[in-house]
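> Below are the chains, spelled out letter by letter.
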Amino acid sequence: MQVYKLCLKIIKKNIPVMLIYIFIYLSVSIVVTLSSSRQNNTGNDFTDTKANIAFISGEETPLIEGLRKELGRQANFINLPDKKEAQQDALFFREVVYILRIPEGFTQKFMAGEEVHLEKNSVPDSAKAAYIDLAVDQYLNTARFFLSTMGDVTQESLVKYLDDVLSQEADVKLMPAPAKTDVYGLVFSYNYMAYSLSSILVLGMAAIMAAFNNRDLRNRVSCSPVRETAANLQIFLASLTFAGVAWLTQIAFCFFFDIENVLTMNTVYLLLNSLVFTVCGTAMGFLIGSVVKGNEAISAVTNVVVLGSCFICGVFVPAQLLGETTLRIASFTPTYWFVKANNQAAQLTQFDLSSVRLVLSDTAVIVCFALAFFALSLVIRKVRRFS
Amino acid sequence: MFVHIFANRLRCLLRDRETMFWTFMFPLALALFFYMSLSNVGKGEAFQEIDVAVVNDSWYQENQFFRTALEEASRGDDRLFNLTLATGEEARKLLDDGKIKGYIIAGDPPQLIVNESGIYQSIIKSFLDNYTQTFRAVEKVLENDPRIYQEVFDSLGNRKNYVKEAPAAGGKPDNLVYYFYTLIAMACMYGSFFGMREATDIQADITPLAARINIAPVHKLKAFLSSTCAALLIHLSEMMILLAFIRYVLNIDFGPRAGYVLLTTVIGSITGVFFGAFVSAVVKKSEGIKVGILIGVTMIGSCLAGMMYIDMKYIILSKNLPFLYWTNPVNLLSDAFYCLYYFDNLNRYALNIGALSCITVLFCALTYLFIRRRKYASL
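Protein sequences appear in the order of chains W and D. When we follow the numbering used here, the leftmost residue of the first sequence carries the number 1, and every step to the right adds one. When we follow the numbering used here, the leftmost residue of the second sequence carries the number 1001, and every step to the right adds one.
No wet-lab data here; the hints were simulated from the structure. Each hint should be verified, as a subset may be incorrect.
To be verified - Label-pair restraints from in silico Cβ distances: (1) W/F332 with D/P1217: 30 to 38 angstroms; (2) D/S1378 with W/K9: 32 to 40 angstroms; (3) W/L248 with D/G1170: 39 to 47 angstroms; (4) W/N214 with D/E1018: 12 to 20 angstroms; (5) W/P176 with D/D1253: 50 to 58 angstroms; (6) W/I30 with D/S1378: 46 to 54 angstroms; (7) W/P176 with D/E1071: 50 to 58 angstroms; (8) D/C1358 with W/N214: 42 to 50 angstroms; (9) D/R1011 with W/V379: 51 to 59 angstroms; (10) W/E60 with D/N1144: 46 to 54 angstroms; (11) D/E1071 with W/E60: 48 to 56 angstroms.
Stated by the list, open to error - Derived pair list, reagent style DSS-like, types lysine-lysine, alpha-carbon separation capped at 30 angstroms: (12) W/K109 with D/K1160; (13) W/K84 with D/K1043; (14) W/K160 with W/K50; (15) D/K1099 with W/K173; (16) D/K1319 with W/K69; (17) D/K1284 with W/K120; (18) D/K1172 with W/K9.
Cβ atoms here follow ideal geometry from the backbone N, Cα and C, with glycine treated the same way.
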């Protein structure tokens, strides 16, 4: 088993580099897990969405206080420093999505029926800005309505009327959703495997292949008493061991981050996908190792191929936010089908054949990619041997 | 002699395919990946007409005010809703299939059926709240004086928009551009690979090539400066191509001050090259360790500058870690680009460039101090 041992030695030498990917995986997963646990607190009742806004008023009057109180149902008020630059910063980095400025003298002019406006800075055309606009306009239009129809009304009684009227709400019923919609947070730890596991597999496999591509080493193995078939079998076994250990390590981390769903049927399909993807990643490493010469070049190709596919396939950015053209290009990579299969597997609520067929068909596409990579590398190696 | 060393070094560096890849091809590829994955993300924030259904029952048909209000809100280019009339069952199926955000059952008060809480569901609810509230306001006024019926309905038709967008002082608050700025900043710092090579190839105890250069009858500083100029020229050319690619191919806005953008890139490139030279002069270890330090520092700097997660810069770095804010060249560079794009004045930009220049001068001075007058008793 000399060849087998040599392969494992090569892998061991590359472990520090591979640990970088595990470290990245762990850091990102912790950040995503923490942020998604912060967001998933809706429960069984409908809750009004609240937009973060800055409310900057040049005056303090009952009417403006009433507006602030009314907006409190739709907004979280964020205190910003009284500096234009800090406010612009807050809008750019989305600490707030809306800055509402009430000019001095607004209430007096409004009560007198003059044409007046409030000023806003908002994320242009955003849904949250439209939401706040709707609330501000409703408050002031209702106030204007009372002023124009009820004759002489003091500010205090106007606010009282508004308080009474604006407390009316429509009835909202929250039905149970047929499918889980926050798929990205749900399967992130599995999807992100496409980055860390692929990188590890490609690096390891390519390192083994690059070593055996060395002409002297190849000749040395050829003239040794070990038969070529046996040597190839040992390489195959070593690859299998390496891929198996990498997969198990990765799966252990996935279980850790998704501990509450470990015993569900969805996880079985997620595991199946990841296993098939591991085979595909190994085949891809085999191909890259057969084509690319030199360790530096392997690292460059691995980075571009793996990083690129993760960017365009919905690993780093949720697939539903990617453009149609991007997704069409992405469908030429196995990562796209892996992410798609994971997303579908996570949404499964029934496990009959018709429900799981979609997941399995995506998994089958990954198998096809694996076979194609493997066949292509064999052809390349054959051609090289005879050239 | 300057021209001789410069020209040969230029050829030498251009043949170094690995460095050329990491400093040129990799940032270009990353920019393309950023563009492909992020160009659509902004649309998730933008308001899109809400698909909503209303149950077309007798209540809805008979209640003309409610029908008119809903139809008005579903008409024109700036409409709120894409309205579908449906039976109760059809509406439920549309909701289950994810084709609508919610459906409305007319009544007093109207009822909204949804299957999740979210901004679009909240907007539909706001609309229904507004209708209910307006209805209640009319009742209240008419209770007071039933004779002013006509006046009330005239007044209802006079709804206005009270909020106006204040004129923007600079660029739009489109934070996706910032990711490209951090990428350019990172690419500037990747110039450190060139700087590292230059400082390595001048220290005779590290490479045989440096030993050969050291015995040549050329002043060490002169040789170093000539080859560093070649490295700077290559890296600057790469950066200009990257800038042009991001600006003209990917169409990312840099604001109106192109001259300052170029100046920032030039300073960034110099910082990057001298950062590499500094690390190489200080760290007396193998090339692998030096590369590890360069990549590690650049990636941590990029991460803190918000390249992977924009809140990292704003919430963590700007508000809680001011020291790292002002000493992280990636942050200073990306913030300089951001200021040029977003603000109408150059105050903060000048501060960023001032801090960056200080860091660069520090790198230059320390590199000089470490490699000057170094003699070797035996190699």
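> Now look at each hint and say whether the structure bears it out.
Against the structure, the hints come out as follows:
1. W/F332 with D/P1217: 30 to 38 angstroms: Given about 58 angstroms between the Cβ atoms, the range is violated.
2. D/S1378 with W/K9: 32 to 40 angstroms: holds, 36 angstroms
3. W/L248 with D/G1170: 39 to 47 angstroms: violated, 52 angstroms
4. W/N214 with D/E1018: 12 to 20 angstroms: Given a distance of about 19 angstroms, which is inside 12 to 20 angstroms, the answer is holds.
5. W/P176 with D/D1253: 50 to 58 angstroms: violated, 44 angstroms
6. W/I30 with D/S1378: 46 to 54 angstroms: holds, 51 angstroms
7. W/P176 with D/E1071: 50 to 58 angstroms: Taking Cβ atoms as reference, W/P176 and D/E1071 lie about 31 angstroms apart, which means the hint is violated.
8. D/C1358 with W/N214: 42 to 50 angstroms: holds, 49 angstroms
9. D/R1011 with W/V379: 51 to 59 angstroms: Distance hint for D/R1011, W/V379 is violated at roughly 37 angstroms.
10. W/E60 with D/N1144: 46 to 54 angstroms: violated, 29 angstroms
11. D/E1071 with W/E60: 48 to 56 angstroms: For W/E60 against D/E1071, whose Cβ atoms are near 40 angstroms apart, the range 48 to 56 angstroms is violated.
12. W/K109 with D/K1160: holds, 15 angstroms
13. W/K84 with D/K1043: holds, 27 angstroms
14. W/K160 with W/K50: holds, 24 angstroms
15. D/K1099 with W/K173: holds, 18 angstroms
16. D/K1319 with W/K69: Between D/K1319 and W/K69 the Cα gap is close to 29 angstroms, so the pair holds against 30 angstroms.
17. D/K1284 with W/K120: violated, 57 angstroms
18. D/K1172 with W/K9: violated, 55 angstroms
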